[in-house]
Amino acid sequence: MKRYSVFAIAREALRYHTGWERAWRSPEPKKEYDAIIVGAGGHGLATAYYLGKNHGIRNVAIIEKGWLGGGNTGRNTTIIRSNYLQDSSAAIYEKARSLYETMSQDLNYNVMFSPRGVMMLAQTHHEVRGYLRTAHANKLQGVETEFITPQRVKELCPILNIDGPRYPVLGALWQARGGTGRHDAVAWGYARACSDMGMDIIQQCEVKGVRSEGGVVKGVETTKGFIGCKKLGIVVAGHSGQVADMAGFRLPVEAVALQALVSEPIKPCMDIVVMANTVHGYMSQSDKGEMVIGGGTDGFNNYTQRGSFHHIEETLRALIETFPIISRLKMLRQWGGIVDMTGDRSPIISKTPLGNCFINCGWGTGGFKAIPGSGWAMADLMAKGEPGPLAAEFDMWRFKEGRFIDESVAAGVAH
Amino acid sequence: MLLIECPYCGVKAEETELSPGYEAHLKRFGPGSTDEEFEAYMFARKNPKGVHFERWRHSYGCGKWFLAARCTATLEVFGTYPAQVGEPPADIIEKIKARRPDWKGYK
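Which chain is which? The protein sequence lines are A and B, in order.
According to my numbering, the first sequence is numbered sequentially starting from 878.
According to my numbering, the second sequence is numbered sequentially starting from 5.
The following block holds chain B by itself, in its conformation from the complex (with noise of 0.2 Å):
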């Protein structure tokens, strides 16, 4: 049973209060895009097997999107983050980087 802290309202929720949203920080193209950037925004995924920046929804809470870093081979929570930003924030890649040493970085 997942648990992950919305980073809006603070609440340590349980897995049945949240929506998976799949893969955080993908960039959007639409109309003028080409047929690979199309393909690789709606389909492409990364899937790694190990660290993953995910969206996720507080829709039993506070109803927000947030993002989340999390482990899929171990199912750890590395940390939470509000969901307007770029890329993950620099504090979420040294927690990170603190459990997973090898861990090759976010690209």
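Here chain A stands alone, though its shape is the one from the complex (with noise of 0.2 Å):
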């Protein structure tokens, strides 16, 4: 693989740009590999990345119903931050939020992170001890966050109307080092570190079925045929119960839409991200100018990547109630994507009733900011077939012992 660097963007500006190579292979399957990866999006990549650079473990196939980073990779609003309650939780955002920090140099990809601070606005006095909590648990596991009063937040952003008549601002859950980051990227970043450490990444090829023999999986049937492997990780967001099913085990997940849209873009007029969790919207500006939209998701069962039209209105109305500047603005585009919710709304990283068969999903509405995390604990899970410290606590058998992480109840809200 050739780095991209500034030396090679003056190389090819001086040969019309035709040396630049592929950024990653496409293969053809081979019989057998060591790990199989199902899932093509960030978290699979990722895993698949971490199991090669920290474990040596380079026979890997990663397989992609469709094209790789075009599920929910492709349709987050970016946002990255891990000001979360419980322990376990902020162990592995934070993991991530660090490892977000050195990616572009790590994958030699610009991830664009961009650690503009994600504000986290209380409305009411209960979010108020709410996020005074979080601050306080945040001090004790070594996140950096503070709670600001609203004269601050005013500061921080001025577009923002801390005197509503419904709910004005009592104060903010402030990360300065959260942020943004290019989502697209970060799925090309991984893809071509992992394609040129040897792995294949195998696009367009369904998994149909899981082959085991006596409790231990053997391969996966796609629509390429049959292709063996040592290990498997189910990395599939929205459609894990889809594939838990083929491996013979249900999981405590329900697939569900969550939307979002862009706004036409303006000048810049906001420099962090803000999330509103009581009117239950959030929005920060991307590079081309858009404001970028998030709510919450729709009640009911759904894989069909669109959602209910009333989510958007409501999601509109609580943000122009925040930011009575956009009232006016077009929204350009809108999208949904399938979302895994569990029980607790904290994912699951986890061995499975199948021997060498792992799965990393239940990632539900918070899944971008965890992608390289949640691949660094998937591949070690992998790799020793035991969880590490930053996989411990979510093994999908904590439902049944009722050792819940409960951000629910933690943040209240999609998260």
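Treat the hints with care, since some could be wrong.
As the list claims (entries may be wrong) - Below, simulated BS3-like cross-link-like pairs (lysine-lysine); rule was C-alpha separation at most 25 Å, straight line:
id : chain 1 : residue 1 : chain 2 : residue 2
1  : A       : Lys1085   : B       : Lys31
2  : A       : Lys1277   : B       : Lys68
3  : A       : Lys1228   : B       : Lys50
4  : B       : Lys111    : A       : Lys1085
5  : A       : Lys942    : B       : Lys108
6  : B       : Lys50     : A       : Lys1277
7  : B       : Lys101    : A       : Lys1085
8  : B       : Lys31     : A       : Lys942
9  : B       : Lys50     : A       : Lys942
10 : A       : Lys1277   : B       : Lys108
11 : A       : Lys1085   : B       : Lys53
12 : B       : Lys53     : A       : Lys1101
13 : A       : Lys1228   : B       : Lys53
The hints are simulated quantities; they were obtained by calculation from the structure and are not laboratory data.
Reconstruct the complex from the two isolated chains, following the hints.
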């Protein structure tokens, strides 16, 4: 792989950009691999990357039904933060956030990580208490956050209306090191690095079944035939239930649609991410000038990648109250992604009832920010067969044993 | 936008008039059940891509809970029925089979 650098750009500029090579290969599948990852989204590609980089397992295939990064990795609002209440959540999201800081250098691919700061508004007294508690918890966890005053909120984001009639801003949880990243580039950067390590990324190849013998996984049946493997990692977000069904077990997961939208581009007007969880909307401004907007999930099982119109209306209603200047803004595009929600709104990184088969799912509405940490923990689990410290609490049996990592209570909303 | 007919009051209600309630026909387990039974009741879900039986409440109408058969891959609603049944009624099953000949059936 030729490295990307300022010299490469200069060299190519002199020869009409004829020398750029493909970022990753598209090979036909081999008969067998040491490990197969189902799902070439951010989490799947990150898993493969850290399998190679941290554990030296490079005879790996990443199998993708559509195209890589074409699911939720390309459908989120690109927010990166780690201000979680529960210790095990804070640990894995903070690991992810810190890996984002050096990801561009690590992958030699510009993922445009922008630590512009993430602000979560407290608009009720209940929320003030909740975020104060989170700020204290974050101090103990070594995650840098602080609870700030409404005046500081206004300084950091002048377009924000802190004196709203319904929900005045009473303070905010501020994580200066949070921010945004370029979501596609994260998938592309990992894919390029995986391909460079000799891994096979097989797109347009749908898994149709999981073959096992004596309770141990042997490979997957796909639209390109049977592919054998010693270890299998299922990292398919919204379709986790389907692939788990093929592998013969059921998950505590339901698939629902989460929508996002962007406005027409306008001049720079906000340089941070703002989340307003009481009224339920969040917004940041992309480098192109579009306001990137997200809200809540629909309440019913859905695989259609499109959601209910009234949720868009509710999200925009909330944000117009919070940011009056956007009231005349036209919305350009709207889309939906299928998110896998668990009972406690925390992910599953776990061994499964099937031997040598591992699953990473349940990231729900908060998967993008976790990609590197999730891949790191999943690779550790797949390589060693036992979870490391990051994944230990996130096993799928916690629901049976009542060991919830209850972020649904901590966040109260989608996160 | 989903349009679902309430089987009690006969109103063809638009989605904002209704509240979704997730999987229907769950068998309840309580004290004395095993951990596996309780987990299955509380958390394990069929979550199918296709025919799904689910609970809805006509919250801004008659206020009653009812059940619906709906396709999660296309959002097609096959039919609705009152909630006082242990499994989907035969006429709903027939309607689904007519629309989805390769459907494996209720299990």
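Verification of the hints:
Our distance criterion of 25 Å between C-alpha atoms is broken by A/Lys1085 and B/Lys31, whose separation comes to about 30 Å. A C-alpha spacing of about 31 Å is found between A/Lys1277 and B/Lys68, which places the hinted pair above 25 Å, so the restraint is violated. Annotation: proposed proximity of A/Lys1228 to B/Lys50 holds, straight-line Cα distance about 20 Å (limit 25 Å). With a C-alpha separation of about 21 Å, the suggested pair B/Lys111 and A/Lys1085 falls inside the 25 Å cut-off, and the hint holds.
A C-alpha spacing of about 23 Å is found between A/Lys942 and B/Lys108, which places the hinted pair at or below 25 Å, so the restraint holds. Proximity of B/Lys50 to A/Lys1277 is assessed by CA-CA distance (about 17 Å); at most 25 Å being required, the pair is judged to hold. At most 25 Å may separate the alpha-carbon atoms for a hinted pair to count; B/Lys101 and A/Lys1085 meet this at roughly 23 Å. A threshold of 25 Å between alpha carbons decides the hint, and for B/Lys31 with A/Lys942 the separation of about 35 Å lies outside it, so the pair is violated.
Simply put, B/Lys50 and A/Lys942 have alpha-carbon atoms about 22 Å apart, close enough for the 25 Å limit, and the pair holds. The straight-line distance between the Cα atoms of A/Lys1277 and B/Lys108 is roughly 29 Å, outside the 25 Å bound, and the hint therefore fails. In summary, the hint linking A/Lys1085 to B/Lys53 is supported, as the alpha carbons are separated by about 14 Å, within the 25 Å threshold. Taking the CA atoms of B/Lys53 and A/Lys1101, the gap is near 22 Å; set against the 25 Å cutoff, the hint holds.
Taking the CA atoms of A/Lys1228 and B/Lys53, the gap is near 24 Å; set against the 25 Å cutoff, the hint holds.
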